[in-house]
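For reference, the chains in residue letters:
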Amino acid sequence: MAYFSQQLINAITLGAIYGLIAIGYTMVYGIIGMINFAHGDIFMIGAFISLIGFLICAALGINSAPLAIVLVLLMAMAFTAVYGWAIERTAYRPLRGSFRLAPLISAIGVSILLENYVQLAQGARPKPGGGSIVTGGFTLFSSDGFDVRVTWLQIVIVVVTVVLMAGFTWLIASTSLGRRQRACEQDMKMASLLGVNVDRTISLTFVMGAALAAVAGMLFLMYYGVVDFFIGFLAGIKAFTAAVLGGIGSLPGAMLGGLAIGLIEVFWAGYFSSEYKDVAVFAILVLVLIFRPSGLLGKPEIEKV
Amino acid sequence: MLEVRGIATFYGAIQALHGVDLDVAKGEIVTLIGANGAGKSTLLMTICGSPRARSGSVKLEGRDITALPTHEIVRLGVAQVPEGRRIFPRMTVFENLQMGATLVDPTHFQRDLDRVFAMFPRLAERREQRGGTLSGGEQQMLAIGRALMSRPRLLLLDEPSLGLAPLIVRQIFEAIRRIAREEGVTIFLVEQNAFHALRLADRGYVLVNGRVLMNGTGKELLANPEVRAAYLEGGHA
Ligand SMILES: Nc1ncnc2c1ncn2[C@@H]1O[C@H](COP(=O)(O)OP(=O)(O)OP(=O)(O)O)[C@@H](O)[C@H]1O
Ligand SMILES: [Mg+2]
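Which chain is which? The protein sequence lines are A and B, in order. As numbered in the working numbering, residues -14 to 290 make up the first sequence, in order. As numbered in the working numbering, residues 5 to 241 make up the second sequence, in order.
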């Protein structure tokens, strides 16, 4: 029971990070029907910018952890937002209206470019940092001589994620911007006939997805205390799996899928073998694609249009 | 109000419009009739810049809008009730109407909404229902209501009576008449239902294979034997 509870806590933490990344995949897919394979690398860049941010805070003598986190968060979101915007502008928008695979190939190109660029700029070796911003924790309960521990950092991760997801859900459901995004998703031409600037709305979608990936990047850095140029690849594919599992295009689906992937990965590692945890995750992807391609919360296409 | 000169529109290599000229004066109801595939919908969409005309020009109140992006044209006071209604299926009736008001100062919203609900009480009853689950007639009312929410000066309607029962058709045409006569909105109405359309309209144009073949007042066209043979016989006459 204690071991199970501990795994559950770890799984929720990891699932939160995957969920944040998955939102970017699902939103972009929703609006332009494309898998943005460079999104995982945006997450990686977010983690690197956070690392730099924490170093700057340390150099400036900012010792308050909450203040440092907020500053770094804003900085990481701002920078990755610019990346997200620029990538859409240069690599995807010119290809809109060409054949379906073109932007996909372009996305893979952008992904390789970003990885190599960071490798050149930051070196290939893993860089430590960010792991000592929030430390400590407490014992939730003990049984069978096993302490179930929750770290403060885990609480920070889950709280930040829940707050952002709630805010984001509200934004999409109830604001004018969110409504414009949903309108573009459902019928781009009609949206433009009502005065929506479709190009700008698509840009904003990339910007928002990138900003959330930056948050995930910062939380990842604080959790693992180390980054390298390659972390975006695996985390990206797992978050993508989460988005597909939840039902690509669905916002709650991305969150649920993230949680599910966190659970699968952690429990597989905890009970079977940690070497094959990634295999377990991708086996799930294959099974979902075969048996339920629209995912857990995928849209049933019953509407008459 | 609207001046179309020599518009030619292509889909790839296929030419859908071959130099169309027409005018709609302020406050008028003008109708365009024509058979399936004549290019009626293409003309309405070309006025809105999507697809763009390859040659010719579209002027709105003297201003050349041929090269403007669609959302800029809409900003100048053009609203379209497009072919197939294009209701946002996963948005509620209310949200669809909010989308109509995208460019409008929010202080007008409540009053405009009340006006639309007064015109189509059915929409008020179904306020929270999702657009995709509305009946065809309700969708048409919503499409018109949504267009009105943008406070248009020129309203383009593409076959608003298509697929609707006679009673609803009459309601829709009555609504169009009121929009024009009571609210002073200029109307350009594309219809297959030539009888209703020509009776309502001040003037009409007949489009055949991407060209304007005839034009005249509604009465003249209704009385024209060619028009009767092609668009009215077996219908209501
Ligand atoms: N997206 C498109 N791609 C290629 N050809 C098109 C496209 N849209 C319309 N066309 C062609 O252009 C011509 C005019 O079509 P349009 O839809 O404007 O006709 P219409 O007068 O509105 O007909 P209907 O009364 O059936 O709605 C048709 O021959 C049609 O096949
Ligand atoms: Mg048509």
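Quick caveat, the hints were computed from the structure, so don't treat them as lab data. A virtual CB, placed ideally from N, CA and C, is assigned to each residue, including glycine. Heads up, a few of these hints could be off.
Claimed, not checked - DEER-style ranges, computed between Cβ atoms: (1) B/L217 - A/A63: 24 to 32 angstroms; (2) B/E186 - A/L162: 28 to 36 angstroms; (3) B/L217 - A/A151: 53 to 61 angstroms; (4) B/I18 - A/A63: 31 to 39 angstroms.
What the hints assert, rightly or not - Below 20 angstroms or equal to it, Euclidean Cα-Cα: the simulated DMTMM-like pairs (lysine to aspartate or glutamate) are: (5) A/K174 - B/E186; (6) A/K174 - B/E87; (7) B/K30 - B/E186; (8) A/K174 - B/E76; (9) B/K30 - B/E230; (10) B/K63 - B/E99; (11) B/K30 - B/E65; (12) B/K30 - B/D68; (13) B/K223 - B/E187.
Quick rundown of the hints versus the structure:
| no. | hint | in the structure |
| --- | --- | --- |
| 1 | B/L217 - A/A63: 24 to 32 angstroms | 59 angstroms, violated |
| 2 | B/E186 - A/L162: 28 to 36 angstroms | 34 angstroms, holds |
| 3 | B/L217 - A/A151: 53 to 61 angstroms | 60 angstroms, holds |
| 4 | B/I18 - A/A63: 31 to 39 angstroms | 47 angstroms, violated |
| 5 | A/K174 - B/E186 | 30 angstroms, violated |
| 6 | A/K174 - B/E87 | 12 angstroms, holds |
| 7 | B/K30 - B/E186 | 14 angstroms, holds |
| 8 | A/K174 - B/E76 | 13 angstroms, holds |
| 9 | B/K30 - B/E230 | 29 angstroms, violated |
| 10 | B/K63 - B/E99 | 32 angstroms, violated |
| 11 | B/K30 - B/E65 | 9 angstroms, holds |
| 12 | B/K30 - B/D68 | 17 angstroms, holds |
| 13 | B/K223 - B/E187 | 24 angstroms, violated |
Of the numbered hints listed earlier, those contradicted by the structure are 1, 4, 5, 9, 10, 13.
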